[in-house]
Amino acid sequence: MQPSDEELYRRMRKGDQLAFAELYTRREPGLHRYSLHMSGSWSVAEEVTHEAFLRLMGPEAGFDARRGPLEAYLYGVARNLIRVTRRDKSGGPARDLPGADDILGDLIQDEMTAALYAALRQLPEPYRDAVVLCDLEERSYEDAARLMGCAVGTIRSRLHRARALLAARLRPLAASSAMVAR
Amino acid sequence: MNCRACIAELVECARAGLPPGGQLQGHLRVCPPCRERWEGELALSAQFRKMRGAALVRWQPDAQRERIMREFEQASPSAFHPSLRWALGMAAVLLLAVAMGQIWRNGQRPTGPAKNPIPGKLANSATGVAAESATGNTTYNIGTSGSGELASNNDFIEVPYAPPLATGEFVRIVRTELRPTALARMGIYVDTTDADDIPADVLVGEDGFPRGVRVLDAVDF
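Chains F and W are the protein sequences, given in the same order.
Numbering-wise (the working numbering), the first sequence opens with residue 1 and increments by one.
Numbering-wise (the working numbering), the second sequence opens with residue 1001 and increments by one.
Honestly, I wouldn't trust all of these hints.
Cut-off 20 Å, straight-line C-alpha distance, at most; resulting in silico cross-link-like pairs (SDA-like, lysine to any residue) [said to hold, decoys possible]: (1) W:Lys-1050 to F:Ala-115; (2) F:Lys-14 to W:Trp-1086; (3) W:Lys-1050 to F:Glu-111; (4) W:Lys-1050 to F:Gly-30; (5) F:Lys-14 to W:Ser-1076; (6) W:Lys-1050 to W:Gly-1017; (7) F:Lys-14 to W:Ala-1087; (8) F:Lys-14 to W:Ile-1068; (9) F:Lys-14 to W:Arg-1085; (10) W:Lys-1050 to F:Ala-118; (11) W:Lys-1050 to F:Pro-29; (12) W:Lys-1050 to F:Arg-121; (13) F:Lys-14 to W:Leu-1084; (14) W:Lys-1050 to F:Arg-171; (15) F:Lys-14 to F:Phe-63.
Some chain W residues flagged as far from chain F (calculated, every beta-carbon gap over 12 Å) [claimed, not checked]: (16) Gly-1022; (17) Trp-1086; (18) Val-1098; (19) Pro-1164; (20) Leu-1178; (21) Thr-1181; (22) Leu-1183; (23) Asp-1191; (24) Asp-1196; (25) Asp-1197; (26) Gly-1208; (27) Phe-1209.
Simulated from the structure, these hints should not be mistaken for lab results.
In this text, a Cβ means the ideal position worked out from N, Cα and C, and glycines have one as well.
Next up, chain F with everything else stripped away, as it sits in the complex (with noise of 0.2 Å):
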């Protein structure tokens, strides 16, 4: 039987090695894309990811097993790096990007993808979650709420909406792309 994420953590923070090392590579890969689909970037990613577990060795981490899970801990913590992120780029309070540095739409070299991306950084924070999470990270509904903090039947009318601010944006874009190819 595994280990849980608390269990690892509790483990690291007494300086056990091959716990934080397993606890990485258990939590690294998702979220490292649940922060490329919250920014958009590849470099702030990296950096929030890397900087997300630098605070969970760190002297103060926050955490705190009674509140939530490990993970829910590590998205919250990518969520306010990210979001810190952005308000320093615009220089002000946080507020949507346009997709000029849009690297993942430059590399799948696709407008609707590009189109879908600028979309999903305007949307609402909680909306941005909800499909970034549900959609794009495949996560249950359930998965989701713990991660969020909040109710299940929250999360999956968040989804919805989501996608239907999504779905009208994108739709201009579809019907000229079919017009092109009629």
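Starting from the known structure of chain F, fit chain W onto it as the hints suggest.
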């Protein structure tokens, strides 16, 4: 089936990549807005699949891992290699054992007259002076007793203006003969007309200064 129920179901079908059920299909045939939504949901799900694939591409994940592991080693409270930790632990246990042995040996070591009774006249044990030699100089530990207490309990008369003995200070009792005038200057009543020296014990501190004098009877001497 109303539109609200239809949308809830078609979103889940699109997410799961499943075709709509019979009832949902029937509704989509007669409801253009729901049909439009269904097409939008299908397109969205297809785009999400692409994005999931793109996100799996990583740039140097191993470098990131090595970096964080290095930082963990630096930040770790016990950054020693396990074998080194064992060695340090064993050394600590060994040191502790040696220290305990030393303490035990000190506890067993004879301390002054308690273990080495000196033959001769026993003094008042309340003062801490355990024994005194019948012949030459002897060293005694007087414990916590001061010279005043010592003098009162052993017939010693304090030497005036002598500094007090420190607690636990070792003293020597020197048996000797003193001139009567010297004893008289200390306030000891003696017949100074007697020309003979008077036998006495002199209590000498670690600094070599006399602290007390006890006049002996001629028979004791």
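Now the hints, each set against the structure:
1. As the CA atoms of Lys-1050 of chain W and Ala-115 of chain F are separated by approximately 13 Å, the hinted pair is consistent with the 20 Å bound.
2. In summary, the hint linking Lys-14 of chain F to Trp-1086 of chain W is supported, as the alpha carbons are separated by about 16 Å, within the 20 Å threshold.
3. Distance restraint check for Lys-1050 of chain W and Glu-111 of chain F: the Cα-Cα separation of roughly 12 Å lies within the 20 Å cut-off, and the hinted pair is therefore satisfied.
4. About 17 Å separates the Cα atoms of Lys-1050 of chain W and Gly-30 of chain F, which keeps this hinted pair within 20 Å; it holds.
5. The hinted pair formed by Lys-14 of chain F and Ser-1076 of chain W meets the criterion: a straight-line CA distance of about 8 Å does not exceed 20 Å.
6. Our distance criterion of 20 Å between C-alpha atoms is met by Lys-1050 of chain W and Gly-1017 of chain W, whose separation comes to about 14 Å.
7. With a CA separation close to 19 Å, the supplied pair Lys-14 of chain F and Ala-1087 of chain W stays within the 20 Å bound.
8. Straight-line distance between C-alpha atoms of Lys-14 of chain F and Ile-1068 of chain W comes to about 17 Å, which keeps the hinted pair within the 20 Å bound.
9. Restraint check: the Cα-Cα separation between Lys-14 of chain F and Arg-1085 of chain W comes to about 13 Å, which is no more than 20 Å; the hinted pair holds.
10. At most 20 Å may separate the alpha-carbon atoms for a hinted pair to count; Lys-1050 of chain W and Ala-118 of chain F meet this at roughly 15 Å.
11. For the proposed pair Lys-1050 of chain W and Pro-29 of chain F, the alpha carbon gap of about 18 Å is at most 20 Å, so the pair holds.
12. With a CA separation close to 17 Å, the supplied pair Lys-1050 of chain W and Arg-121 of chain F stays within the 20 Å bound.
13. For a cut-off of 20 Å, the pair hint linking Lys-14 of chain F to Leu-1084 of chain W stands: about 16 Å separates their Cα positions.
14. A C-alpha spacing of about 18 Å is found between Lys-1050 of chain W and Arg-171 of chain F, which places the hinted pair at or below 20 Å, so the restraint holds.
15. Straight-line distance between C-alpha atoms of Lys-14 of chain F and Phe-63 of chain F comes to about 15 Å, which keeps the hinted pair within the 20 Å bound.
16. The Cβ of Gly-1022 of chain W lies farther than 12 Å from every Cβ of chain F, with a closest approach of about 22 Å, so its non-interface assignment holds.
17. Residue-level check passed: Trp-1086 of chain W sits 14 Å from the nearest beta carbon of chain F, beyond 12 Å.
18. Listed as outside the interface, Val-1098 of chain W is consistent with that label: its C-beta sits roughly 28 Å from the nearest C-beta of chain F, beyond the 12 Å cut-off.
19. With a cut of 12 Å on Cβ distances, Pro-1164 of chain W stays outside the contact zone with chain F, its closest approach being about 54 Å.
20. In this structure Leu-1178 of chain W is separated from chain F by more than 12 Å, as the shortest Cβ-Cβ distance comes to about 73 Å.
21. In this structure Thr-1181 of chain W is separated from chain F by more than 12 Å, as the shortest Cβ-Cβ distance comes to about 79 Å.
22. Distance to chain F confirms Leu-1183 of chain W as a non-interface residue, since its nearest Cβ pair spans about 75 Å, more than 12 Å.
23. The beta carbon of Asp-1191 of chain W sits about 84 Å from the closest Cβ of chain F, which is more than 12 Å, so the claim that it is off the interface holds.
24. Non-interface status of Asp-1196 of chain W relative to chain F is upheld: no Cβ of that chain comes within 12 Å, the nearest being about 83 Å off.
25. The Cβ of Asp-1197 of chain W lies farther than 12 Å from every Cβ of chain F, with a closest approach of about 78 Å, so its non-interface assignment holds.
26. Residue-level check passed: Gly-1208 of chain W sits 59 Å from the nearest beta carbon of chain F, beyond 12 Å.
27. The claim that Phe-1209 of chain W is not at the interface with chain F holds, since no C-beta of that chain comes within 12 Å of its own (minimum 60 Å).
Of the numbered hints given earlier, the model fails none.
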